[in-house]
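Undergrad: Okay, here's what each chain looks like letter by letter:
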Amino acid sequence: MKTLRMLAALITIIVALSGRALSEDQCLTCHAGLGDKESQGYAHDIHKAKGISCAGCHGGNAQADDMDKGMDKAAGFMGVPHGDDISKACASCHSSPEKMKSFGSNLPTNQWEMLQTSVHAKLSTNGNEHIAQCITCHGVHGIVSVKDPRSPVYPLNVVKTCAQCHSNASFMRDYNPAMPVDQVEKYRTSVHGTLNAKGDPKTAECASCHGSHDIRAAKDAKSRVYGVNIPATCSGCHSDAERMKEYKIPTDQFAKFSRSVHGAALLQKHDLGAPACNDCHGNHGAAPPGVESVSKVCGTCHALNADLFSASPHKKAFDDRKLPECETCHGNHEIVAATDKLLGVSNDAVCSKCHRPDENPKGYAVAKTMKSLIDSLETASDTAASIVNDAEQKGMEVSEARFKLRDAHQARLQSRTAVHSFDEQKFRDVVSGGIAVAAVVAKEGKTAVDEYYFRRWGLGIATLIISLVLVSLYFTIRRIERRQAEK
Amino acid sequence: MNGRMKKAYDWVDERVHLEDLVKFMGKKYVPVHRHSIWYYFGGVSLFLFIIQVLTGILLLLYYKSGEELAFESIGYIMSKVQFGWLIRSIHSWAANLFILSSMVHMFSVYFEKSYRKPREITWLTGMLMFFLALAFGFSGYLLPWNELAYFATKVGTDIAGVVPIIGKPMMQFLRSGEEVSGATLSRFFGFHVAVFPGIFTVLLGIHLVLVQRQGMSEPIGMELHEGKPLKTMPFFPNFLLRDLLLWLIVLNLLAILAVFFPWELGKKADAFASAPAGIKPEWYFLFMFQTLKYIPGKMLFIDGEVFGIMIFGLAGLLWMLVPFWDLKSSRGQQNRLVNYLGLFAVFYIIILTIVGWLL
Chain F
1 MKTLRMLAAL ITIIVALSGR ALSEDQCLTC HAGLGDKESQ GYAHDIHKAK
51 GISCAGCHGG NAQADDMDKG MDKAAGFMGV PHGDDISKAC ASCHSSPEKM
101 KSFGSNLPTN QWEMLQTSVH AKLSTNGNEH IAQCITCHGV HGIVSVKDPR
151 SPVYPLNVVK TCAQCHSNAS FMRDYNPAMP VDQVEKYRTS VHGTLNAKGD
201 PKTAECASCH GSHDIRAAKD AKSRVYGVNI PATCSGCHSD AERMKEYKIP
251 TDQFAKFSRS VHGAALLQKH DLGAPACNDC HGNHGAAPPG VESVSKVCGT
301 CHALNADLFS ASPHKKAFDD RKLPECETCH GNHEIVAATD KLLGVSNDAV
351 CSKCHRPDEN PKGYAVAKTM KSLIDSLETA SDTAASIVND AEQKGMEVSE
401 ARFKLRDAHQ ARLQSRTAVH SFDEQKFRDV VSGGIAVAAV VAKEGKTAVD
451 EYYFRRWGLG IATLIISLVL VSLYFTIRRI ERRQAEK
Chain Y
1 MNGRMKKAYD WVDERVHLED LVKFMGKKYV PVHRHSIWYY FGGVSLFLFI
51 IQVLTGILLL LYYKSGEELA FESIGYIMSK VQFGWLIRSI HSWAANLFIL
101 SSMVHMFSVY FEKSYRKPRE ITWLTGMLMF FLALAFGFSG YLLPWNELAY
151 FATKVGTDIA GVVPIIGKPM MQFLRSGEEV SGATLSRFFG FHVAVFPGIF
201 TVLLGIHLVL VQRQGMSEPI GMELHEGKPL KTMPFFPNFL LRDLLLWLIV
251 LNLLAILAVF FPWELGKKAD AFASAPAGIK PEWYFLFMFQ TLKYIPGKML
301 FIDGEVFGIM IFGLAGLLWM LVPFWDLKSS RGQQNRLVNY LGLFAVFYII
351 ILTIVGWLL
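So the protein sequences, as listed, match chains F and Y. Taking our numbering, the leading residue of the first sequence gets 1, the next gets one more, and so forth. Taking our numbering, the leading residue of the second sequence gets 1, the next gets one more, and so forth.
Among the hints, erroneous ones may be present.
Every beta carbon over 12 angstroms from chain F, so not counted as near; a handful from chain Y, in silico [as the list claims (entries may be wrong)]:
1) Val155
2) Val306
3) Gly332
4) Arg336
Examples of chain Y residues toward chain F, derived with CB under 8 angstroms [what the hints assert, rightly or not]:
5) Ile50
6) Leu54
7) Pro262
If you're looking for bench data, these hints aren't it; they were derived computationally from the structure. Ideal Cβ positions, reconstructed from N, Cα and C, are used throughout, including at glycine.
Throw the hints in and build the complete structure from the sequences for me.
TA: So this is what it looks like as structure tokens:
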């Protein structure tokens, strides 16, 4: 009886042991034995840790210790997936909330969906598959969490991962020959790139601005880096006081930019000609412009103003005092529409910041004269416009005068540019031209208004004469008919 | 007549025998009855036509035909030429008043049956002049080459194009090509200032000679008043002075309209621009335009628009030929059918014009 009990216990142990051996990933057991790098990589793959066998992606029967049975196509074995089958294999779990939950994961399950909207979801040059698969960025047989410093999409590694294709000129030429391939080089010169290289995972890398699964072309209106969307993208970090605390930089740039003339044009009118953050700071090579280069940066759009400033006496004065050029008078993020109030010696005027009657008196006198000139032009132009409007409201034909009025308005714009020369004579020439045009327009408008009253008076007199003739005609008829009746 | 005037009169009389003309006019009498007021609309139409000729000649001194010049030249006339604004506004207003007064004249003649024997030719020449007045309006409307005129002409000639058989060639003839273009403008200008005035003058001559020759028609049943012949007044000077009085009122009205409601020039025509919303023809074509809108796409197996045009064509023809089918009136009998048809036409035109204007 005792012998029988021992036999039963032995059988139970053997069965239990053999059962355990069969439940192990037989694929990995064999391939590890072969020493291939796939099985070596998979040994520390997050999927293995979650209990997913090789068959999870490759199909087949992972429990079968017989190779033919394990890799039987009838059992669903597909071998090495190619092309879109790779991403489909990933999506079979990563797009299923139930499956992901069963592995205890709280990762989002819309990556596949988002990837389909991305520029990387376009067909590759062979026409059979999409440009990028999941493994292109996340790697394979060694995939770790994105938070793991070993992951190719970990913030400190992602630049290198993207650069594999985006810094490869011959590869990029096949898809977008016009696209630069120097983004990484520029990035390494930027504040972001420098900190990233020093091992700061909080600084912006490729995915911070472009997104990850749903990356769109910069010209796509839904892209995070489309002109209108850039300020919001940058402010995602730069308006985050907590995040910026350690960098000791302000976080009000976006709020200020939104109130600025540039922000209003870009964010409210969606004017893509207006600058976004990257137009002044650069995009991949983003950094604050240096003091001397401010006018060059602004001058990329405001070319004439920048040229006039560079040739003006202020250039040297500003450089000597280390004053940022345009910014000193106009500000930076919160640049408001420049009005004539900036000019002159009143408390609102920017000239008075440096020029006072007792300090820099020459500049003070020039600023005062220039202000007086620009005010005269404004008055002359407004007066002419008001006369033309009056004539037009009276129904007079003043299209020619209205057309000329544009020249007076143009002179006002030109004077605002000419002011950057800080040369009184040059400024006076522009203003005088505008005042002369305004005088001509005012004269034409006044002639039209006079003509209006002349027409009404003329009509009144003509009506009076016609009425008198009518009355006399009426009496003539009556006289004639009375005579005829008398006969 | 004072001494100097008498002398001048005698000087002319000696050469051209004015006395005969004065005697002729003195012998001419105009019937006086409760509908006499309508006699004056013929004179008003004549006066407005004379205004059109005079202002048209003045405009011709500055107007330049052509796609690149027409709009600009009208702008020049209105802003630079002394009293150009007045001449152009009077020409435009008088054109409309001319058509209105011609309509009133035509309907008054129709309702008084003045077309009856022996005045059939007077009626026919009058009707032809009325159609010519519409043609004057249509061709003149395009001459400023502005947006409204361009698209109204496009729509108008499109409608002409749907007439069976002759429609397409007629449209091409009117447009001087497939589309409304500078060539159309030149063609319309030629018609407006040379062809139409020439024909109109001949018809007007015949019309006036016949009116003078046959005298004013007396309404049926009014030949006798209380058993006595109708009261009359001499054409000269009584009727002519009354005519003059009315002409002066019309002249003053034109001046008021020109000063207070100067005719606008609008935007220059652009063949590539889309047609402005709510484009409408001139008011005198509005009732036909509005009718065409209401006709269904298919009527009696033919295209609705073609059907409408054919109906209007037929109605116009019947209207013009009324002296030849209204034989009762020629016999001096009342013909109520003619009155009902006339009333229907008047109300139809007024209602459809108002509807077309408002919608």
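Undergrad: Are the hints correct? Go through all of them and say.
TA: Against the structure, the hints come out as follows:
1. Val155: Holds, since 27 angstroms exceeds 12 angstroms.
2. Val306: 43 angstroms, holds
3. Gly332: 31 angstroms, holds
4. Arg336: 37 angstroms, holds
5. Ile50: This hint is violated: Ile50/Y lies away from chain F, its Cβ roughly 17 angstroms from the closest one there, beyond 8 angstroms.
6. Leu54: The hint is violated - Leu54/Y has no Cβ within 8 angstroms of chain F, the shortest such distance being about 16 angstroms.
7. Pro262: Constraint on Pro262/Y satisfied, holds at 6 angstroms.
Of the numbered hints stated above, those contradicted by the structure are hints 5 and 6, listed in ascending order.
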